[in-house]
Amino acid sequence: MTAAAFLPWLTVAMVLVAAVQIGRRVILWRGGGPAAVDWRAGLTALPRRYLVDVHHVVDRDRSASRMHVPTAGGLVLACGLLVLGLVPAIAASRLYFALVALAFLTMAAGVFLEARRRYPRALPRLSLGRWQRLPVYLGVFALGGFATALLAALGNPLPALSFLTFFAAAAAGLALAGTAATGPMRHALAGAAHLVAHPRPARFEGGRSTDLAPLDLDAAKLGAETPADFGWNRLLGFDACVQCGRCEAACPAFAAGQPLSPKHLVADLAAAAGGGHARPYAGMPYPNQRPTGGAAGLHAAVISPEGLVHPDTLWSCTTCRACVEECPMMIEHVDAIVDLRRFQTLELGAVPSKAEEPLENLRGCDEPNGRRLSERTDFAAGLSLPRIAETGEADVVLWLGQAAFDLRGQRTLKALIRTLHAAGVDFAVLGEEERDCGDLARRLGDEATFQRLAAANIEALSRHRFRRILTADPHALHVIRNEYPALGGSYDVVHHTAFLAELVAAGRLAPAALAGRAVTYHDPCYLGRYNGEVEAPRALLDALGLERREMARSGKRSMCCGGGGGAPSADIPGDTRIPDIRMDQAKTTGARIVAVACPQCTAMLEGVTGERPEVRDVAELVWEALEAGGAAATARAKELEPA
Amino acid sequence: MSRPRRDPRGERATKTITAAGRIRLDVALRAARAAASGRPRRDPWREWAASLVDETHRKRYDRSQRQMSREEAARFSTVRDTIEATAISPGQPALRVIEKPAFLVFAVVEAAGGRLSRFDRQVLGAARLLADAGDGGGAVVAVIAAGATAGDAARGDDHETGLGAAGADRVLVLEGGASPSGRSAAMLSAVEGLSPRHVVFAEDGDGADLARRLSVCLGEALFPAVEHLTARQAVRALRHAKAEIGLAPPRLMTIGEDRAKPYEAIPCEARRLDLGPFAGAGGTAARGDDSAILSVEIIPGDPARLSLSETDFVVSAGNGVSDFTAFRALAAKLRATPGASRVVCDAGLMPRAAQVGASGTVLSADCYLALGISGAPQHLQGIVGCEHVIAVNTDLHAAMIERAGLAIVADAQRVMPALLKLLGEAGA
Amino acid sequence: MKTVVLLSDARHAISGRATLSGLEARAISLAAALDPAPRGLHAGGGAEGVSAGLGHGLQGLDVLDLPEGADPVPALAAHLQAALGKNDAPGIVLAGRRGEGGLETGLVPYLLADALGLPILADAVALRQGEAAGTLVVDQAMQKGARRRVTIRLPAVVTVHPLAPPPRPFAYAKMRRGEIRFLPTAEAIGDTAGGGNGSGSGEERPHRARPKLMRTGGTAAGAHNLHVGPEPEEAARLILDYLEANGIRRYGDTRG
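Protein chains in written order, with our numbering: chain A, 1 to 643; chain B, 1 to 428; chain C, 1 to 256.
Hints listed in this document are in silico derivations from the structure and should not be mistaken for laboratory results. Backbone N, C-alpha and C define an ideal beta-carbon position, used for all residues, glycine too. Don't take each hint at face value.
Looking from chain A toward chain B, a few residues come up when the C-beta cut is under 10 Å (computed) [unchecked claim]:
| # | residue |
| --- | --- |
| 1 | Ser374 |
| 2 | Glu375 |
| 3 | Thr377 |
| 4 | Asp378 |
| 5 | Phe379 |
| 6 | Ala380 |
| 7 | Ala381 |
| 8 | Gly382 |
| 9 | Leu385 |
20 Å max Cα-Cα, derived PhoX-like pairs, lysine-lysine [unchecked claim]:
| # | chain 1 | residue 1 | chain 2 | residue 2 |
| --- | --- | --- | --- | --- |
| 10 | C | Lys212 | B | Lys261 |
| 11 | C | Lys174 | A | Lys221 |
| 12 | C | Lys144 | B | Lys333 |
| 13 | B | Lys421 | B | Lys333 |
| 14 | C | Lys2 | C | Lys86 |
| 15 | B | Lys242 | C | Lys174 |
Next comes chain A alone, as it looks inside the complex (with noise of 0.2 Å):
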């Protein structure tokens, strides 16, 4: 009797102890919500969504890829050509044995890589502690095993050795198995199941999934309190977290200093949902981190002074989902943040005490800063800037949103009016009809408020012919275009980005060149991120005739300017603020003018002080383009113009 011909019991029992592990987990996930699950869909797709869209995310980071490629296929293989060993016909064979161990060395292979990326000192977002002793299990159970295996294969030489490493690598293999439900293994079998009965089967194979989920503002209970409130799948997906640190680095809050990690956070829900009063986190901490006590159980509320999160910590996120673009398993920290911000909202009424101005408003008046609906169309006094109730129909309707009650997006605002009449659009405004898109309330939690002015929005819309919504807000726009058909609201909405380029394609605009300017443009998260428009506004750039540079964060790898989520009306404190991070990410690219697309982006990166590029919307640099081109272009638009 050789030492390898354990190694298929090895496995067994490994196998055995893991599952006892993940049973224990599986009773907690059953705590909580019910959650609407297609299995067979969820198991077709499996090796897709893991080999592709997990992949794609991982080899991002190429060091990642590198090193979970090896480890992860090392293991399964290994274990695999282990259990077949259970044949003692094929055990008996040398060849097989080289195989096992070639698998285990190419396991060890990528432990080594994944070590370099831990010592002599690890990635700073990286989790230490039992995250940072992982690669010396992985490595000691690929090493024994790859040399029981390989003396095994070399005809047992030295039963002893042998023997030596064998118990090597079932202690430590055992030791890995044993922390299926608690430790960083734990990401195996959550990370999988997670993709199977992901919340979002939609964002898989190249679709896009990014609004919110309608509240039933009839439940028993509003947003999440406690851990068991999420669904089901949700608590598997907190249990998927490797702690990797991509989201924490993505996270404009984190950056700023304000109390917030989507890790730290992510893995506080998977604690607080195994219960118990411990936080076995040896990841950074919160940014000036606030105390709390640290309760927590599957029935025990989360945010709570007692609870494991701070409030701060909730109302810090501006909803830019940067950290779940960049989370290679797939969690939706920012649908986590919103439910729990529901219940504060709904149920409590604890809101930040400045937030709850512009809430109280939009109750009121429909209007966040309070201000009359009829005022919105104001700004434009000396323009033409028809009504739809006065026109009864447009092929356009504009949606003129909060920038229309703000000097600066009013700037904004006239630069694209004045454009679309010279194209010639025929367009109109809703005038008083239009309330606030609900945005801001359903990202601070007012999901009652937001289904009120959505629903009023809609029946407004409903009552006049158009066949497009134009706007220059990419909050109204993701809210229109994604979140108004639950509420029974579906419509084509275009970005003005995206209106102005179809226009310059038709030959309908004629900008003349602004050459010879620097240009970077800033994606706005909801247009970048939660639409993936990213091309529009460039094309329009380009065809200003604008050198654009991109900054180190661009696309949908964007990072936020600080505008979103309610996060301005929130104001947690922090060490730095947001845009003024941002607005030096600009200023390195050396680009004079920061082009933008969005009035939050707009307002947050104008109250940057101090030496800075100039902000303008890409409207406005169209704008000038075409006054630039001079009468002639807009006489020749107007020709285009059918009678």
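Starting from the known structure of chain A, arrange chains B and C on it as the hints suggest.
Chains B and C in isolation, oriented as in the chain A frame:
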């Protein structure tokens, strides 16, 4: 907002002429419309005249934010004949005396801390208007609760001169104790004894309370929160300010803040009125209230902890102040609420809540002591309502120096310890 | 101690929609600090608007069905009289110092106190239970930040001042769960809230906004008083003299 909202669209539409097929604006229409709006029109000519320095016909900027005085107004009439100004008659008496009043008008004033507030002067102004209505001959009786001045005998004189200047012919001090029902009983006896034609209260604080208690006791209608008062009619809003009601000035009314002009003509005599035989006649009004009130205690406001919008005296620090420990100590010693300019708040030297100005708090305090503040326009907007401004600044040409009633060109950092020392001596 | 908050028919200043008056929202938060289950009482057409009070901390809401323009005082008085006779009688009746809608005379709490024979205190900014049972300590707002602390034996009517602490934030779920009782009233007595204390013979007409007086500084400051480069001691003396001369503050005998 009390003003009707501007409708830029509407205004533009009214000025637009489409006759020739081309849209153009008729700018001349503007003047015609403005005149028709019925609002008191700004008179640029008058303002221009006011900005002249003496008779030299050289313009200067007036940063004092003070209204034009009567003398100035008279002088302007020489500058431009068309300006209507109140002539000052040479033989004007120094004191207005009404010996035998045809009727009485009560003005109930609070005079907290022994001083008439803006609102108190407005109430007296309203009462004066009613006393001079029609054939005139009425006398204004300033009614003060004894608590307001009690124990401050030395201030009695100040008090009455203040009342006289504000338009009171008589002063009646009500002895009713500190409890509201006691005051209302004393008030009732005074009303029953002297039968005033009108009783005017402030729609604020104890005045508003007293008015309603009296109304219930007398079973008589109260016309509250008057928005517009002339000799002929009093108007007030109701039904969410969607409707209004106007009638001949009723007997009991309260007047809204900033709705009546204070009296500014020749001082009246403010003679002390003895209630005499009527005292104590109002016993009937004393209801069961008093037995329910177990104790009354006045807690003076702590200026250091008051909000800027509520306080009456603000001492404020600007760029010229560097020692904020001394500044806070000074504010405490002066019994003033500490404030600051935007620069100081931006630097984090004072909390944001302390910022005075258009983007901070707009004050309604009586007095503003500005230490080392030059007076940016936004800052001055915040102290428009302050009656007394004291400025300490090193720059003679600072706007704040010009705005101040007492301007001291000196280093605030050096004046602060001197003030502290002097206050220390005084307090000892 | 059981607390009832009177709610009026307020309208939002911008949208004109029925809403909860801000002052009454403050009254609710004062009530909620004394009574774990404060109730709202509204006499009017419906619960629209006032139901927001449930979201701000009321546990229940009684709506007395009253036709528009009817005097709310008799209905409120009858309801409260009945409640006061019961075992679980309310100790405090809170109201804003002037209700909205209707004639807006601010007389309703006074007339109610008169009808019920209760004492009334105005302009409360803080309430707490007194040391003796059945008493209440009321801090009344006075000018210049002063407070009058009155201890009163309950039951009593108390009106709330705008300087009272800000209301508790609104929670939709609490509003949804709150219980609303619609109660019929005996008979409606003609118009003019304030039991004959209405507005007499005046005709109602559309409101016309009138500008308030401008808050410019008075002329009392007198002549411009400029001192260039005085010694600090002299400057300090000038400042204190000015403050005392104008009656701003009195600092004892500063003349030594």
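Results for each hint:
no.: 1; hint: Ser374; result: holds, 9 Å
no.: 2; hint: Glu375; result: holds, 8 Å
no.: 3; hint: Thr377; result: holds, 7 Å
no.: 4; hint: Asp378; result: holds, 5 Å
no.: 5; hint: Phe379; result: holds, 8 Å
no.: 6; hint: Ala380; result: holds, 8 Å
no.: 7; hint: Ala381; result: holds, 4 Å
no.: 8; hint: Gly382; result: holds, 6 Å
no.: 9; hint: Leu385; result: holds, 9 Å
no.: 10; hint: C/Lys212 / B/Lys261; result: holds, 10 Å
no.: 11; hint: C/Lys174 / A/Lys221; result: holds, 11 Å
no.: 12; hint: C/Lys144 / B/Lys333; result: holds, 17 Å
no.: 13; hint: B/Lys421 / B/Lys333; result: holds, 10 Å
no.: 14; hint: C/Lys2 / C/Lys86; result: holds, 12 Å
no.: 15; hint: B/Lys242 / C/Lys174; result: violated, 32 Å
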